[in-house]
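Colleague: Sequence order for the protein chains is A and B. Note that the first sequence covers residues 0 to 365 in numbering that gives the first Met the number 0. Note that the second sequence covers residues 0 to 365 in numbering that gives the first Met the number 0.
Just to be clear, a hint being listed does not mean it is correct.
[Unchecked claim] DSS-like cross-link-like pairs, simulated, lysine-lysine; straight-line CA separation at most 27 Å: (1) B:183 - A:311; (2) B:81 - B:243; (3) B:183 - A:124; (4) B:311 - A:124; (5) B:124 - A:183; (6) B:81 - A:243; (7) B:128 - A:183; (8) B:344 - A:183; (9) A:128 - B:183; (10) B:124 - A:206; (11) A:243 - A:81; (12) A:349 - A:311; (13) B:81 - A:124; (14) B:311 - B:128; (15) B:124 - A:243; (16) B:243 - A:81.
[Stated by the list, open to error] The calculated label-pair distances, taken between Cβ atoms and stated as ranges, are: (17) A:240 - B:350: 46 to 56 Å; (18) B:183 - A:57: 38 to 48 Å; (19) A:225 - B:322: 32 to 42 Å; (20) A:104 - B:324: 50 to 60 Å.
FYI, nobody ran anything at the bench for these hints, they're computed from the structure. The beta carbon of each residue, even a glycine, is placed where N, CA and C say it ideally should be.
Protein chains: 2
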Amino acid sequence: MTGIITTGTGGYERLEYLDRLPVPEPGPEEVLVKVLAAGVNNTEMNTRLGWYSATIDVGTNSHSEVTSDDFEGIKDGGWHNKTPFPLIQGTDCCGQVVRVGLLANPELLRKRVLVRPCVAVIDDKGGPKSCWMGSDFNGSFAQFVVIPQTEVFPISSEWTDEELGVIPCAYGTAENMCIRANVKSGDTVLIPGGSGGVATAAIKLCKLRGATVISITNESKRDYVAEMGADIVYEGRYGGSGWKSMAADVQNNVNVVIDNVGGEGFLDLINCLKADGSYVCSGAINGPVVSLDLRTMYLRDLKLIGTTTWEKSVFPNLISYIQQGFVVPPRVTVFPLNKIAEAQKLFMAKEYVGKLALIPPPTTIF
Amino acid sequence: MTGIITTGTGGYERLEYLDRLPVPEPGPEEVLVKVLAAGVNNTEMNTRLGWYSATIDVGTNSHSEVTSDDFEGIKDGGWHNKTPFPLIQGTDCCGQVVRVGLLANPELLRKRVLVRPCVAVIDDKGGPKSCWMGSDFNGSFAQFVVIPQTEVFPISSEWTDEELGVIPCAYGTAENMCIRANVKSGDTVLIPGGSGGVATAAIKLCKLRGATVISITNESKRDYVAEMGADIVYEGRYGGSGWKSMAADVQNNVNVVIDNVGGEGFLDLINCLKADGSYVCSGAINGPVVSLDLRTMYLRDLKLIGTTTWEKSVFPNLISYIQQGFVVPPRVTVFPLNKIAEAQKLFMAKEYVGKLALIPPPTTIF
């Protein structure tokens, strides 16, 4: 089959487009999925760049022009310390089940499915309770991917493959954050960096719950973020006048902050919370190491919630929202799989709004 | 009546021992309590010192030799921005109800009670959901104190007044932390600074729940902390070899950290948590401003929980534990109320183990 092999930690030159890769064999309780569309996310670049290493303290945004040399010697750059390179990345997948393992449910065959990339694992030694498709084992940047049958969810929807194919990572992460922070009707939720994939999804999923959403984004993306459903949109970034207005207006006034930005603005975000409020995060593109005043946290009964492993209800919820028409399809631009570097560069430039999907070349193997 | 008036932010010279203070009048739903014993806690010193001000970034421990001059101009040094000096402090109280307001329950009269210092308030503007006796309104460092009838809990126990009088603040805070962090049977809990009032209480309350407790304290207090119930006790403080052993042994291995220490050791404490673990704090005597790596928090699904306002079940639980004999009385040394500065100095020297209680002079007013 054809796919992208990420050969190691480093820049775009680590992405090798290869044909003649072996089609993987599903184990007894696994299925083989033909990839119809695969979304592009921050996490694929973070993993390739080794950004999860504790030796790195700058934001993902600083990495747009790096080469392999910058990452020599990083040993703990992946989710579970070390990413198993060479690896087929790809966390998002809309696909079709084309083979089922000996003990897997044959009714899955031929079904169009969304793949849940967050696979629960039992770890008694204190490690993470999940592993991830595309980070811990081969993912969807190829014509085929093997996955446990428990992780494929048949979906019946008029959405296109690429509209579905950008959903799992961003919407799953956002839904999980909403669940963990218990976002509910009547809440006011602050979502900085509102044009990002997870942030956009979070705006929609908070609105779905009946919350009021406040966001902030660059001037050029303001209309997009409002269109996504944010009730109030400030313009600018940390340090600018729009950010300062937001910090002043919203101080002490929101129930939940849903953040993937982190960095220097963290303190202002915490100060926006009401007593008893929750800050929930699943990323930190502007810088992971922040300064925290424990007094603010305890005197105001705040909760800071880190989220990676998804709650069980996350994926069934998403399937249900889509099938019932509770969310509208995202805006998607499509690239052929061999143009992955172009797609990732466009993504990293942070000028484009909406999602990007990669489409593998057609195959007649199945 | 006789009592201690704290005249403003500053050192021990701010504590004025006065007689001829008016006995306060209970409102319709309040009661007048004769103070039998009042514990000494960090919070009374923090409040007098204005340590809750965001302009202060050192630990409480740095304040043992300060004078009023060091605190000139601090406007936000209290729980709710500004402490209403002149104030009678005192967060702990074992007392006897000697008068009831017009609409208060007359059956409370003559009862020996513990006073719940954390009074729930309704705040729609995002502020704290509680106010505190001794910080936001007059407390127990006097012969009498007025309190809403909902905050007095009759107790039937053979414990002495001083044993009961040191319970509310430390044990209430610890019980609240156990509840908020959901400490349960089979958990491993790390409690640094194990000889402190809240930490000692937390050790007992975690053991009561069936958890395994790991602690660390100075060599001289090791036996005391073990006697309190800690299963494993390391010796030393942050930076020393005992701390390093603990950080290495326990890394990635505890379900909950119950912390009132903060400071430079914070990072090690976070790294001791298993994935899905909780760090809960209600103080930061070694320094409130810490560095947090958001990646650690989100990749490991950690929760950081700040606690001040008590859950409703906290105080009924404590009364029940004492009445049923589930906890043994704390070790208490008694000072007359006019020796408050000596008691606080002994407390701040951090050499003494156990609790300190102040006893007001006898009165025949009621």
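Colleague: Does each hint fit the structure? Answer for all of them.
Modeller: Results for each hint:
no.: 1; hint: B:183 - A:311; in the structure: holds, 22 Å
no.: 2; hint: B:81 - B:243; in the structure: violated, 39 Å
no.: 3; hint: B:183 - A:124; in the structure: holds, 18 Å
no.: 4; hint: B:311 - A:124; in the structure: violated, 34 Å
no.: 5; hint: B:124 - A:183; in the structure: holds, 18 Å
no.: 6; hint: B:81 - A:243; in the structure: holds, 25 Å
no.: 7; hint: B:128 - A:183; in the structure: holds, 19 Å
no.: 8; hint: B:344 - A:183; in the structure: violated, 48 Å
no.: 9; hint: A:128 - B:183; in the structure: holds, 19 Å
no.: 10; hint: B:124 - A:206; in the structure: holds, 22 Å
no.: 11; hint: A:243 - A:81; in the structure: violated, 39 Å
no.: 12; hint: A:349 - A:311; in the structure: violated, 31 Å
no.: 13; hint: B:81 - A:124; in the structure: violated, 46 Å
no.: 14; hint: B:311 - B:128; in the structure: holds, 12 Å
no.: 15; hint: B:124 - A:243; in the structure: holds, 20 Å
no.: 16; hint: B:243 - A:81; in the structure: holds, 25 Å
no.: 17; hint: A:240 - B:350: 46 to 56 Å; in the structure: holds, 53 Å
no.: 18; hint: B:183 - A:57: 38 to 48 Å; in the structure: holds, 39 Å
no.: 19; hint: A:225 - B:322: 32 to 42 Å; in the structure: violated, 59 Å
no.: 20; hint: A:104 - B:324: 50 to 60 Å; in the structure: holds, 56 Å
This entry does not satisfy hints 2, 4, 8, 11, 12, 13, 19, going by the numbered hints stated previously.
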